[in-house]
Amino acid sequence: MADPLALLTADAVRLQCTATDRFDAVRQAGELLVAMKAVEPDYVEAMIQRERLLSSFVGEGFAIPHGTDDARALVRRAALAFLQFPDGIDWEGQEVRACVAIAAAENEHVAVMSRLARVLMARDQAEELRTTTDPERVLELLMPQPDDVPQPQKETL
Amino acid sequence: MSTVNGKDVRRVVVACEAGMGSSVLLMTQLSRQLAPHGVTVDHSPVNRLDDDTADVVLCHTGLASRARQAAPNTPVLPFNMFMGDPAFARLEAAIKDGGPIDG
Numbered sequence: 001m002a003d004p005l006a007l008l009t010a011d012a013v014r015l016q017c018t019a020t021d022r023f024d025a026v027r028q029a030g031e032l033l034v035a036m037k038a039v040e041p042d043y044v045e046a047m048i049q050r051e052r053l054l055s056s057f058v059g060e061g062f063a064i065p066h067g068t069d070d071a072r073a074l075v076r077r078a079a080l081a082f083l084q085f086p087d088g089i090d091w092e093g094q095e096v097r098a099c100v101a102i103a104a105a106e107n108e109h110v111a112v113m114s115r116l117a118r119v120l121m122a123r124d125q126a127e128e129l130r131t132t133t134d135p136e137r138v139l140e141l142l143m144p145q146p147d148d149v150p151q152p153q154k155e156t157l
Numbered sequence: 001m002s003t004v005n006g007k008d009v010r011r012v013v014v015a016c017e018a019g020m021g022s023s024v025l026l027m028t029q030l031s032r033q034l035a036p037h038g039v040t041v042d043h044s045p046v047n048r049l050d051d052d053t054a055d056v057v058l059c060h061t062g063l064a065s066r067a068r069q070a071a072p073n074t075p076v077l078p079f080n081m082f083m084g085d086p087a088f089a090r091l092e093a094a095i096k097d098g099g100p101i102d103g
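If you read the sequences in order, they're chains H and G. Position 78 of the first sequence, counted from 1, bears residue number 78 in this note's numbering, the numbering being contiguous throughout. Position 42 of the second sequence, counted from 1, bears residue number 42 in this note's numbering, the numbering being contiguous throughout.
Looking at chain H on its own, in the form it has when it is part of the complex:
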């Protein structure tokens, strides 16, 4: 299993960002993934294309921009980037204060996404992610926990 620490690292966390609109935010997130050498430069355009097709807003002030299915070939290594926008961005009528950008070719990132899903359901943790000024706290909150991905209980025969 991929090391979850390797997917989201301190250099991929940007707090106190500002963006002119949601496409600007997606571009910033994409350029961070490019700078981290996680994706080829064309992946940024695929992220914007994906965002035009369907909003990546998921609730609780979060969006999860990522590329299209075709853009998987542009992923060099699985990685996540976290960008906080304390002023909020209008995201097709919803307000977004944090983006978790995804570069993944397969299922390397499922554990971190599971953790994110649980954080979003625990509202105080979601609020902390939106507002913290400590990058280490972002890493801690998104660190996968053993029981994040439940296994179905098989019926005994």
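If you are wondering where the hints come from, they were derived from the structure by calculation, not from laboratory data. Cβ coordinates follow ideal geometry from the N, Cα and C atoms, glycine included. Watch out, some of these pointers could steer you wrong.
A partial selection of chain G residues facing chain H, derived with a Cβ cut-off under 7 Å [claimed, not checked]:
(1) 24
(2) 25
(3) 28
(4) 45
(5) 82
(6) 94
Take a look, some chain G residues computed to stay more than 12 Å from chain H by CB distance [stated by the list, open to error]:
(7) 2
(8) 4
(9) 5
(10) 42
(11) 68
(12) 72
(13) 73
(14) 87
(15) 89
(16) 97
(17) 100
(18) 102
Have a look at the derived ranges for each label pair, beta carbon to beta carbon [as the list claims (entries may be wrong)]:
(19) 127(H) - 87(G): 20 to 28 Å
(20) 83(G) - 140(H): 20 to 28 Å
(21) 80(G) - 133(H): 31 to 39 Å
Please build the complex by placing chain G on the supplied structure of chain H, with the hints as guidance.
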């Protein structure tokens, strides 16, 4: 439109455009809800769906017609919100108590 009884559902697939972001997020939420009923939840890009993929497909309203095209004999349940959409509670109730799932 296709129908399946909730009692016969063993595998639910969440479809999204890339199968990379929102479907993964929703998959992990739903597996927590449905695992106790013996149901596995997986995710897939909408273009890779077919009728063998799942007993029920969930996808965002904006992708529902593509999903129905890809899996014409599988019920497709559209949703609008990634968290707390009423479609998820209806699905869970149908799986738990039995009852038709149309989509």
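Against the structure, the hints come out as follows:
no.: 1; hint: 24; result: holds (4 Å)
no.: 2; hint: 25; result: holds (5 Å)
no.: 3; hint: 28; result: holds (4 Å)
no.: 4; hint: 45; result: holds (4 Å)
no.: 5; hint: 82; result: holds (4 Å)
no.: 6; hint: 94; result: violated (17 Å)
no.: 7; hint: 2; result: holds (23 Å)
no.: 8; hint: 4; result: holds (18 Å)
no.: 9; hint: 5; result: holds (17 Å)
no.: 10; hint: 42; result: violated (10 Å)
no.: 11; hint: 68; result: holds (16 Å)
no.: 12; hint: 72; result: holds (20 Å)
no.: 13; hint: 73; result: holds (23 Å)
no.: 14; hint: 87; result: holds (14 Å)
no.: 15; hint: 89; result: holds (14 Å)
no.: 16; hint: 97; result: holds (17 Å)
no.: 17; hint: 100; result: holds (22 Å)
no.: 18; hint: 102; result: holds (24 Å)
no.: 19; hint: 127(H) - 87(G): 20 to 28 Å; result: holds (26 Å)
no.: 20; hint: 83(G) - 140(H): 20 to 28 Å; result: holds (22 Å)
no.: 21; hint: 80(G) - 133(H): 31 to 39 Å; result: holds (33 Å)
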